[in-house]
Amino acid sequence: MADAVDGPPVGQHRPGDLAALDDRSLMALSQDGDGEAFGEIFRRHRDRMWAVAVRTTGDRELAADCVQEAFISALRRAGSYRGEAAVTTWLHRIVVNACLDRLRRDRTSPRRAGDLAELDLPDTHDRTSSAETGLDVRAALARLPENQRVALVLVDMHGMSVAEAAAVLGVAEGTVKSRCFRGREALAGMLRGVVGEPAGATGPSGARAADATSTSGSVVGTAARTREPEAGS
Amino acid sequence: MSTPQDFDPRPVEEDPTGMRALLSALPDPGPMPEDLVSRITASLAAELDWPVLDELATRRRRRPGRSLVVAAAAAVVVLGGGGLALSHGLPQSLVAQAGSADSAAAGGPAPMREFSDKSASGSAGSVVVVSTGTRYAASRLPAQAAQLSASDPVVSARVDGPADSGNASSALSSPSGARACASALGVPPAASIVVDVATVDGAPGAVLVALDAQGAGTAYAVGPTCGTGGPALLAGPVLLP
Numbered sequence: 005m006a007d008a009v010d011g012p013p014v015g016q017h018r019p020g021d022l023a024a025l026d027d028r029s030l031m032a033l034s035q036d037g038d039g040e041a042f043g044e045i046f047r048r049h050r051d052r053m054w055a056v057a058v059r060t061t062g063d064r065e066l067a068a069d070c071v072q073e074a075f076i077s078a079l080r081r082a083g084s085y086r087g088e089a090a091v092t093t094w095l096h097r098i099v100v101n102a103c104l105d106r107l108r109r110d111r112t113s114p115r116r117a118g119d120l121a122e123l124d125l126p127d128t129h130d131r132t133s134s135a136e137t138g139l140d141v142r143a144a145l146a147r148l149p150e151n152q153r154v155a156l157v158l159v160d161m162h163g164m165s166v167a168e169a170a171a172v173l174g175v176a177e178g179t180v181k182s183r184c185f186r187g188r189e190a191l192a193g194m195l196r197g198v199v200g201e202p203a204g205a206t207g208p209s210g211a212r213a214a215d216a217t218s219t220s221g222s223v224v225g226t227a228a229r230t231r232e233p234e235a236g237s
Numbered sequence: 004m005s006t007p008q009d010f011d012p013r014p015v016e017e018d019p020t021g022m023r024a025l026l027s028a029l030p031d032p033g034p035m036p037e038d039l040v041s042r043i044t045a046s047l048a049a050e051l052d053w054p055v056l057d058e059l060a061t062r063r064r065r066r067p068g069r070s071l072v073v074a075a076a077a078a079v080v081v082l083g084g085g086g087l088a089l090s091h092g093l094p095q096s097l098v099a100q101a102g103s104a105d106s107a108a109a110g111g112p113a114p115m116r117e118f119s120d121k122s123a124s125g126s127a128g129s130v131v132v133v134s135t136g137t138r139y140a141a142s143r144l145p146a147q148a149a150q151l152s153a154s155d156p157v158v159s160a161r162v163d164g165p166a167d168s169g170n171a172s173s174a175l176s177s178p179s180g181a182r183a184c185a186s187a188l189g190v191p192p193a194a195s196i197v198v199d200v201a202t203v204d205g206a207p208g209a210v211l212v213a214l215d216a217q218g219a220g221t222a223y224a225v226g227p228t229c230g231t232g233g234p235a236l237l238a239g240p241v242l243l244p
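If you read the protein sequences in the order shown, they are chains A and B.
In the numbering used here, each number is its position in the first sequence, counted from 1, plus 4.
In the numbering used here, each number is its position in the second sequence, counted from 1, plus 3.
Any given hint could be a false lead.
Residues from chain B that keep clear of chain A, each with C-beta distances beyond 12 Å, as calculated [to be verified]:
1. Thr20
2. Pro145
3. Ala183
Under 10 Å between C-beta atoms, here's a sample of chain B residues computed to sit facing chain A [stated by the list, open to error]:
4. Leu25
5. Glu50
6. Ala149
7. Leu242
Calculated directly from the structure, the hints in this document are not laboratory data.
Positions of the beta carbon are idealized from the N, C-alpha and C atoms, including for glycine.
Based on the sequences and whatever the hints tell you, model everything.
Structure (structure tokens):
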């Protein structure tokens, strides 16, 4: 760590000081202009926020832009954090919104979430069946309506509770559940289109069905977008 | 507005489709890539910096004989385009995540000397990226690079960004990009480097000075594509006095 021989200090904190603080304390320091405290928040949450962004956008390049934009936005808006939600909830909300805003802006661009299968598809000869399954599922996920996809990312992929996801998304808990149920059904429908049988028919995960017969890793052409009757929020 | 979905009594865990388990079993995207960490780190540092630029300049003028703050870890100072914050307000926690540490210059000896000290310690060399606005010429590389090497980049760096560099490589403007360029030039990781993103013979490019453990410098002029794809060497290497 810094050994300040002389001159202005590199940092205001001794090593480990910030790591010992909880998120809310770090936010309080950030609000007082302590950049190092926000840096610690970035360090703690960056991997999770990256994962959320990748899964929400379906595109690592786009996710990189979104998560960068989100952290800058969070820094600028640190003063508005009131402590009513957990810091991680607050960050998730900013990241998800950044992703959704970007996806909406780029909707007419050829590089959007729905193009995941085409963009990231490796040589089929190199693909293992588990990789195929993952590609199928990710491609199908990318073709879900955004609100269903985000709900599934938060609840099913990141293990968030319905209440937490509702706080992140700013909707009612019932809306989150509705989006999850409908998203899963749509996803299963898409995968049935790939494998030719009910996605959940071979086991609790449905993975084996996708494993058994998927060949292209793409559900392009089978992915009928489902429309969700918007639940009240 | 409420709909029947709001009152769905089923727990969210209930999933006859099997999709929940399938989704949860997908592999994680992994940690945030290092280059993105560096990129965001630099952006955050720039955000933090703007209000303290004048204060930093004042401090530097006020304390001309001070020695440097020496960070134990490898150093990164990104200057230009708002990165001057890194010489003052860069959070250590951010710097550390970028795989580097801050080198806060407080006047006195040029940061170069500090770099050579750290190179001698065997740790990864530090990276300084500046944008001085210098218009380099391949034919004058030895003299111009020597001037860069002898100057204090913190003082000389333009804080309003590399206006004269046109569309000079953004990759070279990042610490990881600068280090990748150095590697392509055969500069060992332990060497500290200073990269001035500028123009070379009127075109976007950069001058990279590598400092060995003894503080001896070697200069290269490179094109904006210098990086993992190749060195894009325009002139050099030139040993600096």
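Comparing the hints with the structure gives:
| no. | hint | result |
| --- | --- | --- |
| 1 | Thr20 | violated, 4 Å |
| 2 | Pro145 | holds, 32 Å |
| 3 | Ala183 | holds, 17 Å |
| 4 | Leu25 | holds, 5 Å |
| 5 | Glu50 | holds, 5 Å |
| 6 | Ala149 | violated, 26 Å |
| 7 | Leu242 | violated, 30 Å |
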